[in-house]
Amino acid sequence: MTTQQPGTTQYPAPHVPERLFSDEAAEQRWRSRFLAPRVSVPDWALDAPDASIYVSNASGVWEVYAWNRATGERCRVTDRPNGTLHATLSPDGESIWWFDDTDGDEFGSWVRQPFDASGDTSQQPGAAKAVVDVPDGYPAGLEIGHRLVAVGVSTDDGSALYAHAGGETTRFYSRSEDAGIAALSRDERLLAIAHSEHGDSRHPAVRVLATDGFETVADKWDGEGKGLDALEFSPVEGDPRLLLLHERRGREELLIWDVEADTEQEISLDLPGEVAGTWYPDADALLIVHFHEGRSSLHHYDLKTGALAALDTPPGRIGGGGVRPDGNVEYSWSNAARPPVVRVRRADGTDEVLMTPPGDPAPGSQPVEDAFVDGPGGRIHALVAKPAGAAGPQPTVFLLHGGPHAADEDRFSAYRAVWLDAGFAVVEVNYRGSTGYGSAWRDAIEGRPGLTELEDVAAVHDWAVSSGLTDPQRCVVSGASWGGYLTLLALGTQPGRWTAGVAGVPVADYVAAYEDEMEQLRSFDRALFGGAPEDVPDVYRECSPLTYLDDVDVPVLVLAGDNDPRCPIRQIENYLDGLAERGVPHAFYRYDAGHGSLVISETITQTATEVHFAMQAVGLA
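Here my numbering runs 387 ahead of the position in the sequence shown, where the first position is 1.
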């Protein structure tokens, strides 16, 4: 990655409103949704389950918290200006490991500090680098055992995997291709890694190594275009079974691989859509998370009988789930109208709230409806929300999700809600490239990324206008990361559809982005585009927003972080320079962080800026 210093060019700054709405209740309501304290589903130490951690925004910044379930004590563990999201526990529950980067740049190392939920750290050492012999880099997996730690690091040189045991650190794997630590067996004899030695990091293979010398025990690759994702080994001591996701039948499904016997048990479920899973403590069952058309559900699957039983939850989104040693299932749930809550479903079938963060809960919002639209690549699923009391064609914002391998869901979103409060209908499109609709849908963008997705966005836009939902003269396209890339590409390739564009942390000049981005994303891009820019220059040119600057004729707002390794700042400045040369109205919001912000006040400021910019463009302000 090329290190970039903040540029000296002064671009037009957007108006940052002190308030969005004149009505005091409306103003308080939208801000309260962002400010309301939230918590993640807690994680716990493998052999000391009373030691738990979670992340929360209770301090105004997303940070890591420790929770001693035996005493009820809780305290914040990390306190960094740009927040902390990535943390885990040692299996004995004695230490917390969290990833320490610089100002959100994602480059750094794992540090370790003692577990203490009392908040009294006066007699304990602070955080220190966990494995001193492992160089800094981008994280590429971490597995912590009692006697062995495996750490993955990605740099411009590729991937390096390290093991630390007995006071010594060994680099046991080093390749230019993308690779990472995946899973460690309960007895720490076996270590699974993901790799892309076959040249396609989007469809990885799995290798299992013996930790006493790191010789290969077994390899598994399902062939071109069929990825394998190693989830976790059995939680039972001495059990060499590894739970994986495969896509042999055109969608993600579960597979149990006995690594030492080299036998498989495919988990074939009569469920539409796709699934993921985790083990029950005795490894006799799986907790299944099922995703279909923007909604998810939980199921218990008995490995001996093959019986599948639903764990009843209302329609919405399951935001994580795990099974405690006592068989209790902890998970988060929300839908578009109701804010998220962390719940526990006990072994006796009762279901109740597990964690209630301090402070007032977030106000609710409007539900979403499904829209299914015929497109050039098949039926497109979109989620549609309307302002309360809306009648007739509405100003509409098309919110394009990032990823691209992700999906919009029937989940609570303070961001979606403020657009509704501002008077916009909201359309979220699960375009080709999205996950949850099968491998062919996800991979349909290969060789022509960006332009393929926008064909689906155009089809949904046509439907929104013809159905009477959308005012065609007041349409805003918006998104962040890959969604920001699609936004800029849409403005240049679909003139006449859009009234304005709001692009957060986008790819704007794809060749310059490739030169400066983290190596893991270069590897992803090579797999997606069919090579590097020097290999397929025409593809990069055709799929780059910079190519279509001459056709951009509506106001553009761009937001970007100085320390972003995914969508670096230089390529965004190239695009802004092009807008300036052509006299296109634009504004640039620049902030000192990485690929987004974990600081709630900063998120509120950016959101107000985006929505106000769009309101002005469509005549709502």
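There's no promise every hint is true.
Simulated crosslink set (EDC-like; lysine to aspartate or glutamate; CA at most 16 Å straight-line) [to be verified]:
#1 K691 - D713
#2 K691 - D738
#3 K613 - E584
#4 K607 - D671
#5 K773 - D747
#6 K613 - E647
#7 K773 - E756
#8 K516 - D488
#9 K613 - E833
#10 K613 - D830
#11 K613 - E639
#12 K691 - E647
#13 K607 - E651
#14 K516 - E564
#15 K691 - D669
#16 K607 - D574
#17 K773 - D669
#18 K607 - E647
#19 K516 - D487
#20 K607 - D645
#21 K607 - D649
Read the hints as simulated data drawn from the structure, not as lab findings.
Outcome of the hint check:
1. K691 - D713: violated, 20 Å
2. K691 - D738: violated, 26 Å
3. K613 - E584: holds, 14 Å
4. K607 - D671: violated, 24 Å
5. K773 - D747: This hinted pair is violated, its Cα atoms lying about 25 Å apart.
6. K613 - E647: violated, 23 Å
7. K773 - E756: holds, 9 Å
8. K516 - D488: Within the cut-off at roughly 12 Å; holds.
9. K613 - E833: Given that 16 Å is the threshold and the Cα spacing comes to 14 Å, the pair holds.
10. K613 - D830: With a Cα-Cα distance of about 10 Å, the restraint between K613 and D830 holds, given a limit of 16 Å.
11. K613 - E639: With Cα atoms ~9 Å apart, K613 and E639 stay inside 16 Å; holds.
12. K691 - E647: The given pair, whose Cα atoms are some 20 Å apart, is violated under the 16 Å limit.
13. K607 - E651: This hinted pair holds, its Cα atoms lying about 11 Å apart.
14. K516 - E564: violated, 26 Å
15. K691 - D669: Holds, because 12 Å separates the two Cα atoms, which is no more than 16 Å.
16. K607 - D574: Violated: K607 and D574 sit about 21 Å apart, past 16 Å.
17. K773 - D669: violated, 46 Å
18. K607 - E647: Given pair K607, E647 holds - Cα atoms ~12 Å apart, limit 16 Å.
19. K516 - D487: holds, 9 Å
20. K607 - D645: holds, 12 Å
21. K607 - D649: Distance of about 10 Å is within 16 Å: holds.
Of the numbered hints stated above, those contradicted by the structure are hints 1, 2, 4, 5, 6, 12, 14, 16, 17, listed in ascending order.
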